[in-house]
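The sequence shown runs 8 to 338 under this note's numbering.
None of the hints are false.
With a straight-line cut-off of 30 Å between C-alpha atoms, the simulated DSSO-like cross-links for lysine-lysine are:
hint: 1; residue 1: K248; residue 2: K300
hint: 2; residue 1: K31; residue 2: K116
hint: 3; residue 1: K101; residue 2: K36
hint: 4; residue 1: K116; residue 2: K283
hint: 5; residue 1: K53; residue 2: K19
hint: 6; residue 1: K98; residue 2: K53
hint: 7; residue 1: K80; residue 2: K36
hint: 8; residue 1: K53; residue 2: K78
hint: 9; residue 1: K300; residue 2: K267
hint: 10; residue 1: K116; residue 2: K80
hint: 11; residue 1: K43; residue 2: K98
hint: 12; residue 1: K187; residue 2: K283
hint: 13; residue 1: K19; residue 2: K36
hint: 14; residue 1: K80; residue 2: K43
hint: 15; residue 1: K53; residue 2: K31
hint: 16; residue 1: K283; residue 2: K220
hint: 17; residue 1: K100; residue 2: K78
If you are wondering where the hints come from, they were derived from the structure by calculation, not from laboratory data.
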Amino acid sequence: MSYLAGDIGGTKTHLALYQDQGGKTTCVKNQKFPSKDYPNLRTIVKKFLIGVGLEIERACFGIAGPVEDGKSKATNLPWIIDSRLLETELKIKKVALINDLEANAYGLKVLSEDEFFVLNEGDSNAQGNQAMVSAGTGLGEAGIFFDGKDHFPFACEGGHTDFGPRNEIEDQLLHYLRKKFEHVSYERILSGPGLYNLYQFVVDTKLEDEDPKTVELINSGDSPRLVSELGLSGDSAACAKTLQLFASIYGSEAGNAALKFFALGGIFLGGGIAPKILEVLKSGQFMDNFKAKGRFAQLLSTIPVKVVLNDNTALLGSMYYARNLIETGKK
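I would like the entire structure built from these sequences, with the hints used as guidance.
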């Protein structure tokens with residue numbers, strides 16, 4: 008059996024073709040495409056499949072955006088993706104669309120222990136629901152329901168909930184961001200663009216002084232990457248402050264997710280940012296704010312918290328879904 012898996016994001020589209028033979032799964036082809044260079048997903052898939060010469064029975068695409076009735080409007084792309092049209096146009100028997108965080112959560116099933124970094128050991132016998140909170144191009148969240156035997160991911164759009172400040176600096180941050188955005192969600196802070204928003208706040212409100220040349224460099228380049236690098240290296244106090252604020256708010260929102268999903272079985276931090284700023288997350292601010300939930304602080308201290316280190320987790324989750332669940336439609 009041959010099946011196609013995809014991780015469809017605003018920055019890149021990552022496709023992989025798998026084949027099952029003799030009880031072994033082999034990756035036949037693996038390629039990344041800059042999403043915004045193409046008018047739709049169909050064009051990318053057709054280009055990817057040139058010269059493959061295999062009949063593809065199934066495909067699953069994890070989409071950065073809500074999925075409803077086999078259709079999705081990608082959040083950061085001008086694409087409408089329809090599973091039924093893809094089946095017809097690509098001549099694939101069955102195409103499934105799932106939310107990208109749902110795909111990430113399925114990917115957890117195939118990762119090994121060395122593909123996680125543990126921020127909080129928690130209860131070694133922890134069982135129950137889990138949740139995933141992933142800061143990257145945007146902020147994605149997913150719940151993972153536990154039925155007593157297995158875990159079943161489900162999508163949500165928790166990253167777009169209202170940002171709730173918890174102290175005077177965060178009050179100032181909310182006021183600052185309201186001048187830029189009609190709706191200030193957690194994604195406006197806990198994402199690549201959000202990291203830049205935080206940096207501008209730190210500089211504009213003079214929480215830390217910044218060299219004008221550094222401001223110019225960050226404003227004209229890959230801003231999130233530069234903020235991270237300069238903050239981690241200690242070359243910019245403003246960037247370091249930005250990362251501290253980011254870790255604090257990330258911890259708070261991960262704690263919110265733990266309470267909302269009653270995720271006693273664990274919280275997983277996905278996305279591209281957490282692995283890059285591990286040193287900041289390890290410093291204690293993340294977990295201090297994760298647990299700072301008043302009467303529920305003790306409960307939250309028992310929850311395992313892990314950073315996902317494999318940046319192909321969503322792709323692996325789409326592969327898992329295509330291989331194991333696509334015929335039954337189970338989640």
